[in-house]
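A.B. asks: One-letter residues, chain by chain:
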Amino acid sequence: MSPVALVFVYGTFTALATGLGALPFMFVRRVSPRGLASANAIASGLMLGACFGLIVEGTEYGSWQTIVGLNVGVLFILLTQRLLSQHQVKFGPLQEAGGRRMILMMVVMTVHSFAEGVAVGASFGGGMSLAVLVTAAIAVHNIPEGLAISAVLRSRGVSVPACAAWSIFSSLPQPLLAVPAFLFVAAFTPSLPVGLGFAAGAMIWMSFAELIPEALEDAPNRAVATAVTASLLAMIGFQWFLRG
Amino acid sequence: MRVHVPGSGRLNPTLTVLLYSSIAAAAAAFGVIPFAIRDRVPLAWIGWANALAAGLMLGAVYGIAEAGLETRLLVAAGGALLGLGFIYATHRISRTSDLDLNRLEESGPEYGYQVLLVQWLHAASEGVAIGVAMSIRLDLGIFTALALAVHNVPEAAVLCAVLRARGIRLRDAAGLAVVMNVSQVLFALALFAVISAAPVILPWTVGFVMGALVYLVMSELLPESYNQSGHTSIALLTSVAMGMVVLIKGFLL
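So the protein lines, in turn, are chains Y and B. Taking the numbering used here as reference, the numbering of the first sequence is continuous, increasing by one, and the terminal residue is 497. Taking the numbering used here as reference, the numbering of the second sequence is continuous, increasing by one, and the terminal residue is 255.
No lab work stands behind these hints: they were computed from the structure. Heads up, a few of these hints could be off.
[Claimed, not checked] So, partial list: chain B residues that the calculated Cβ filter (under 10 Å) puts toward chain Y:
(1) A195
(2) A199
(3) H233
(4) G252
[To be verified] One side only, chain B facing chain Y, incomplete, derived with CB under 10 Å:
(5) A28
(6) A31
(7) A53
(8) A79
(9) A82
(10) I95
(11) S96
(12) V120
(13) W122
(14) A126
C-beta: ideal position from N, C-alpha, C; glycine also.
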């Protein structure tokens, strides 16, 4: 297999892993408001944990670029939010507030996949073993992301296969971006910290502006706090484990 | 890049812990500043102060997690469960699980005691964090203490809002805010001493700090602030404060 095809296959593999996140919902029939609140809290904990990793990795490439990326990420989401609130929004069976949140979530997840795609592609420049490690890390990390997307979609009446499809869709930028990133590592590397910061900013924003307040509406403080704390710590621990 | 940390070379380690945890506690006095400037502080400011405190705290937790999580991940996870359970239990026992810490119009004596008790326990957890961070590395400890010192300012501002609403003088409010944070100094010193005597427990305490502090942020600091200031500004302040602490730590240590 030519190197370019190999990079593409690896990128596709990480994208498909996201779809695995929909699997648990084959066994769970209905999600109550309380269950949705927990899912939101868990998703925000996982995202916050992932952000810490992204910021740390970004500062290793360049601190100022990461700060710039972080702020651009927050601004981008803020503007998307404003834009969405001005238009009638439908997302499958979802309308209005639910649909808006879902689109925002899809936008955040998809946009942050760009950075992950660049990471996969760029890692091939550092040798095969590094590439395998990074690909595996991103693939595994994608599963809870798919879980987060599916949790929100499923609880609002989207079918399980559609949940899986949307999850994979959110990761499609990974194979698409991995190839050019591999071919033009030199050109892409300087933008990497900006991309990582961007993703972190967008996800932190998503957690604090949407997921946590939404969770607090439907569940008591202590339940939300427990879920966020546990999933945030699990994510930090998991990243630590992957880095060896 | 390693900066020279004042006190890390010449000062006795225990005195370093005492000095910096005292600075953190004393910083609470600055919480009265908004009340000195303006007679009536808008409710939104209190939400913002909470959000700022939450972000700074999350950044500090990450600093400890990053430096302190060694190979003993399972032990740390156990410690985190303990920390989470500890705060949960103290909330439960003191009947403050869903206590709203910013009810300005409420003036019953029982509510006043509850707020002070929660504040004291909260500061104690921060003291544990300082002690643990100091035991990992002195410069990390100093960084954590200073981050928590900044965190104490908006936190004390929230406390002062409650105290001022009860007609307590500015000077007394500042004093009370500092006194409530003295538990920080005590617990920082105690943890530092215990860990240097028995280093085995360090991974447990690192986990404990992570579990306890994240839980405090999510259960005490954030919930009310959303109602006071709106989602957007809270998210903005929290994320910026958190990102800044993580970045500054990346620069310095």
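A.B. asks: Compare the structure with each hint and give your call.
C.D. replies: Verification of the supplied hints:
no.: 1; hint: A195; verdict: violated, 26 Å
no.: 2; hint: A199; verdict: violated, 27 Å
no.: 3; hint: H233; verdict: holds, 5 Å
no.: 4; hint: G252; verdict: holds, 4 Å
no.: 5; hint: A28; verdict: violated, 29 Å
no.: 6; hint: A31; verdict: violated, 29 Å
no.: 7; hint: A53; verdict: holds, 8 Å
no.: 8; hint: A79; verdict: holds, 6 Å
no.: 9; hint: A82; verdict: holds, 5 Å
no.: 10; hint: I95; verdict: violated, 13 Å
no.: 11; hint: S96; verdict: violated, 13 Å
no.: 12; hint: V120; verdict: violated, 12 Å
no.: 13; hint: W122; verdict: violated, 19 Å
no.: 14; hint: A126; verdict: violated, 18 Å
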